[in-house]
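Protein sequence lines, in the order shown, are assigned to chains A and B.
First residue of the first sequence: 1, per the numbering used here; consecutive thereafter.
First residue of the second sequence: 1, per the numbering used here; consecutive thereafter.
No lab work stands behind these hints, which were simulated from the structure alone.
All values derive from a computational prediction rather than experimental measurement.
Ideal Cβ positions, reconstructed from N, Cα and C, are used throughout, including at glycine.
Please note that a few of the clues may not be correct.
[Stated by the list, open to error] From the structure, some residues in chain A lie toward chain B, with a derived Cβ separation under 10 Å:
#, residue
1, I79
2, I119
3, D201
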Amino acid sequence: MNIKSNRFRTLYLSLFFIILYVPVLSVVLYSFNKSSSTAYWSGFTLDWYKQLFNDRVIFEAFKVSIQVALLTSVLSAVIGTASAIISIYATEKTEKTINGLMFLPLIVPEVALGISLLIFFSALKLPFGTLTLVISHSLFCVPYVHIMVQLRLKEIDISIIEAAKDLGATKTQIIKTVILPLVMPSTLTASLLALAMSMDDVIISTYMSGPATTTLPVHIFSMMRVGVTPKVNALCTLFLLGTFLLIGLNQTIGSKGGNVIEQKQIR
Amino acid sequence: MKKIKQNLPALPILAYLIILVGIPLLLVVILSFLSRDNLGNIIFEFTLDNYKRMFDSVYLKVFLNSFLLAIFTGLITLFIGYPVAYFTAGLNQKTRSLVIMLIMLPFWISSLLRTYGWSILLGNDGLINNILMFLNIIDKPLNMMYKFGTVLTGTAYMLIPFMIISIYNSVDKLDRSLLEASYDLGGGKWKTFFNITLPLTMPGIARGFTLVFIPALGLYFISDLLGGGNNMFLGNLINNMATRGRNRPLASAFAIGMILLVLLVLFIYSRVTKNNKESLYQ
Chain A
1 MNIKSNRFRT LYLSLFFIIL YVPVLSVVLY SFNKSSSTAY WSGFTLDWYK QLFNDRVIFE
61 AFKVSIQVAL LTSVLSAVIG TASAIISIYA TEKTEKTING LMFLPLIVPE VALGISLLIF
121 FSALKLPFGT LTLVISHSLF CVPYVHIMVQ LRLKEIDISI IEAAKDLGAT KTQIIKTVIL
181 PLVMPSTLTA SLLALAMSMD DVIISTYMSG PATTTLPVHI FSMMRVGVTP KVNALCTLFL
241 LGTFLLIGLN QTIGSKGGNV IEQKQIR
Chain B
1 MKKIKQNLPA LPILAYLIIL VGIPLLLVVI LSFLSRDNLG NIIFEFTLDN YKRMFDSVYL
61 KVFLNSFLLA IFTGLITLFI GYPVAYFTAG LNQKTRSLVI MLIMLPFWIS SLLRTYGWSI
121 LLGNDGLINN ILMFLNIIDK PLNMMYKFGT VLTGTAYMLI PFMIISIYNS VDKLDRSLLE
181 ASYDLGGGKW KTFFNITLPL TMPGIARGFT LVFIPALGLY FISDLLGGGN NMFLGNLINN
241 MATRGRNRPL ASAFAIGMIL LVLLVLFIYS RVTKNNKESL YQ
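The following block holds chain A by itself, in its conformation from the complex:
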């Protein structure tokens, strides 16, 4: 490639990334603005953060979200890993059925999935709250864990399993001592992904929240609709920090499961 087209490439990519990140950065910027309007910049302040920390409702919503996200991520990690391992041991037909069903929550638009669960849980007379939130969130998280662990399983060198067999290991032993340790990094990465997706979900949570269990995104969404103060910006900025901590955590957990950011591409 010649210099001219190289320059165009750099220009195009830079421009693209500026547009990609300016909206995010402007939210952060205005969280430090004294004025509550975006019309002018009236000086630096941390007042909005102070207000945020004194807001009980937001704190409660945050607690619900964290609780739901942690439970969802553990539940999805267990179910998704189990389903991936089980499906390679099952017949080909069963494996295909499981894979097909796993795609359903990914291809049905979230609104439709939300409505279907709303109808289902109200028919069962299940009270809406943490339980319904965790179950519904697990539905769109389990498929990712399943897919990511399945990809990892396909990479495993079959001779390792055969060696274990030759040495007299039973199926359970093989799963416990060979397969699980090998897929663990993928499971961890996928469960972090589940954590992030659960923390971010607006649509399904809107239908699944109970009167006393509003999640943070649902609350932020209603704040944004009513009219916004930079308190929302401050909240979003803290959220962003939390996200970066999560990614940093993943980078340190290990590189075997693949980069957390790149893994999300299967979504």
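With chain A fixed as given, assemble chain B onto it according to the hints.
Same frame as chain A, now just chain B:
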């Protein structure tokens, strides 16, 4: 017998999926054929009214609106995203992984935050208007919020990483020797691109389009925050019917309509990529 034993552990997984995905979706289908009384209680009587109402001109317009939004989102993300994917694939190893990280990073940032960012930029007293007025390019704020284009911008912005990564995976797999062969045979840059690169990356384009189209139909918080009440889309409509309107049967019928649109797109996708073994989510 051996087969049954082999499949036994799969039962709980199948049960989990069938009970929590299959049955609820089946309930939606059933409910879409029922009606409700004035209080919002469901009446168990078969009716096709909910589906008939879909053909009211008001609702047809909503369908059209959503369909156009999803199609345009697909096209915009394709035209902006293709060069990004193409250029990225040509970078050296180190820069490339950095660039891919930058493309994927927004996925991890709250989607509400990313939507809200646009209303800060595009609002009447937003950043863009302020800058333009400061530079004396305009003297009155431009009205950029609450339009179809605003929703389109927000939706395309939200979903473009899917498109880029799908195309990138195809471009990355491209056999470079084919390109060299084309150059050797005197094919120009553009000719090579249109005759070789583009057709070979078609599966990536189709996959990206599908991955962008499906969520674009239903991301109602974007149209709520950026479209105001001026533009009704399928997602908002269904959401309003189910929550404020308390008309679950009607909401169900529209949800089925939405799922049918998705199935149509998936059908087209499977046709386009018939000879290709890549699956949608890999």
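Verify the interface restraint on A:D201: the C-beta must sit less than 10 Å from at least one C-beta of chain B.
Holds - the Cβ of A:D201 comes within 10 Å of chain B, reaching about 9 Å at its closest.
Hint check, A:I119 versus chain B [nearest Cβ-Cβ separation less than 10 Å]
Hint holds; A:I119 Cβ to chain B Cβ min 5 Å, cut 10 Å.
Per the CB criterion, is A:I79 less than 10 Å away from chain B?
holds (7 Å)
The structure is consistent with each of the numbered hints, conforming to all of them.
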